[in-house]
Structure formats: structure tokens, C-alpha cells
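> One-letter residues, chain by chain:
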Amino acid sequence: MNIKQGFIALLTALIFVLASGCSSVPPESLAPIAKQKKEQAQEAVQEQPKSQESLNPSPSIMDGMEERKNGSDDMERLD
Amino acid sequence: MPSTYNKIHRLKSQGWTWPEFLAELEQVAAHSIDEKTLYSNFRLPHRKPNKLLEETINQLHEKYFPSPFPKEVEGLITLYNHLASAKNYRTQEEDIELLKRFVLAELQHESPLYDLRYSRLAWLAANIAFDRISYCRDNGLLEQLAENQKSALQWFQQAKQAITHCQQTVEIKIEPFVIYKLTQNMLASYLNALPSSNRLDNNDLKSFIDSSDYISETKHMLELEPFQWGIARNGLRFSSLLKNAYDCEYFYRALVTANKHFLDIDYQLPGALSIAESDDFHWALDIIRNRNLPVILEQL
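From first to last, the protein sequence lines stand for chains A and B.
Taken in order, the first sequence gives residues 1 to 79; the numbers are from this note's numbering.
Taken in order, the second sequence gives residues 1 to 300; the numbers are from this note's numbering.
Since the hints were derived computationally from the structure, they do not count as laboratory data.
Virtual Cβ for every residue (Gly too), placed ideally from N, Cα, C.
It is possible that some hints are incorrect.
Stated by the list, open to error - If you want a taste of the chain B side facing chain A, the calculated C-beta under 7 Å gives, among others:
1. PHE130
2. GLN184
3. LEU200
4. ASN202
5. ASP280
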């Protein structure tokens, strides 16, 4: 076996190892980046109702003065 | 939320002990509320109450301090508040405009009959105009800014006149805080129209504060309800903007009396600026620091 044949054999073995490694990953599991994205999306979906809840004032909550953090220290109206 | 904090304090100031308070809550609550939750919401203005506590306190507050206004108009105010604060609401502006048209038509229909329904509808019309002021200011819409400010002031004033009239004729008790809220809303209509860089020594603010007797009314409100940190904070804000050293000291003391957390000028409530961060308090901060007020007050 000359060097060229040895190199081809090594390359074939490497491809085989990679291919078998990929096929052993179950179809439902995702690559790390995709998995991370999926988890972030799930977190965003889970957080959404919380943030909406805190944004919606409940009836007659304007009892005390509140300021918005928008650069200017504005006064909120009182109901 | 500050409002739940205020409501808990207002209810507690009737003289209830904690066991009595819990027993009252038990009567209206769907599930029991533990003393620790109630007490921590009493102590900490920055504490966000859970949904159950907030709803239960609202119910109990309504039982002991009922709104003098008709339920159906209160419902409209709630509806508008939900509408105005909704996110990703595609037809929000159009829907607010529809509601505004309805409210203005109702006011036209009712005028000149001055009653609590009229006053609350006028309050709602003012709220709708008021909520546009900051947006117009930030986006340089000067014509609309002036229009909305004028409209807010006009309707808050109408609401105030109607309520003052009702105080003399209607048997329902109207708390002094109701009128005070309208005075503060009018002042807020002047303040919010100005960018923070133009607020110091502003003549419009000055003349409204003088003509409305705002400072002495604020002091009176704090005598009645010393837990109202928001009122004390605004008193401090306007004393600062008008460069009144005596009142700065007075309202800082009132703020710390309302809650010790304000000894720390960096104390921050969710969604709000701390005193140290807000431009409106810069002048007052020099007084507070120069006279070492946090140290003096902490020792009291």
C-alpha cells in the first residue's frame, strides 16, 4: 500500500465514521445551534403571557403616581 | 405595584390589626392569602403583588372605599386603559378614536347636566388626550401636542367642576383625593408637554402651581395619607423645579416618612426612574446632599 492508497483508506474511514455518527443521531434531536434557537423560541413563548400581564393595567390601578422610564421622568395620570 | 401598596395602606389605616386584615381578606378571597405576602406588599413599594392578592385587595378596597362614579363609566375607563396599554394591537389608534368619538358624543348629549356620570366621562375624554401628549412631544408634533394638551386640560377642568358641584348636591361621599387627582392630572398635562431640559423654572408650571394651590393641597393630602409616596415624590419634584429649598426638604422628609427605602436616592421602582436619575430632581438633590438629609432622617 503506497502513501496515496493509505491516504484514501484513511479518508474513507473518516467519512465512514462521520456518516455513522450522523446516522446515530435520532431524527428528532437537533444540532446544538438549532436546539438553542428552539429553546429560545420556547422561552419567548413562555415569557410572552407574563410580560403582557404586567403591561395591562388592572381596573383602577392608577391610584398612585407612576413614572415611565423613557428618558423623561413623565407623570402618569391618576384615575 | 404602587397602587396595591397604597390600597393596602389605606385599608390598614382604618385601624385593623393584621389578623383582622387577614379575616377581611378571607371573606372576599377565592383562596387564602398568607400574612407574609400581605405584609411584604405593605412594606415594599417596589414589590409586585401576585394576581390573587391584587384582585383581592381591589375587591376589599372597593368594599370600604367605593368609587363614587357609576359602574358603567368605570367600566369604560377600564376598557380604555386596557386598550391604551395593549401591545401589538393592530387597530389600536382607530379603536381609541372610535371610543373618543363615543365619549365626546355622550358629553355633548349630557351637557350641561352636571353629574357624576358626566364628570367621569369628561375624565375619560381628558385621559385620551393626555395619553397622546408625551408621544407628540417626543415626535415633534407641536400642533397636535398643543391641541391634546388643551383638550386634556379642558376636560380635566370640566370633570373637576362637575365633581365639585356634585359634592354639594349628591349624597354620595366624595373623598378629597378625587379632586386632588384631577389637579395633579392638570399639572401633569403641563409637565409632560415639556422635554425634561425645559422644565426648570418654567412659567406655565409656575403659574399653574400658584393658581391651583398645588403645594399646600399636596401637603394636606400627605397629612391625610402619609403613605402616599407618589404624592410626596411629586411634591419634591415641583419644589425642585421651582427651586424652593424649604419645600424640597419638607417633601423629602414626607417621602422618607412614606417609605424608608427613599432614604436611598438611588432607590428605584420597576419602570420608574430613581430620584438620582431624574433631571427633575437635580436641584433638590443638591439640597438633600448638602444638608445630609438621608443621614439626619435615618437617625430619627
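> Hint by hint, say whether it matches the structure.
Cross-check of the supplied hints:
1. Using the Cβ-Cβ criterion of 7 Å, the hint placing B/PHE130 at the interface with chain A is satisfied: the shortest such distance is roughly 5 Å.
2. Checking B/GLN184 against chain A by beta carbon gives a least distance of about 6 Å; that is within 7 Å, so the hint holds.
3. Because the smallest distance between the Cβ of B/LEU200 and any Cβ of chain A comes to about 13 Å, over 7 Å, the interface hint for this residue is violated.
4. Restraint check, B/ASN202 versus chain A: the minimum CB separation of about 14 Å is more than 7 Å; hint violated.
5. With its C-beta approaching chain A no nearer than about 5 Å, B/ASP280 sits inside the 7 Å limit, and its interface hint holds.
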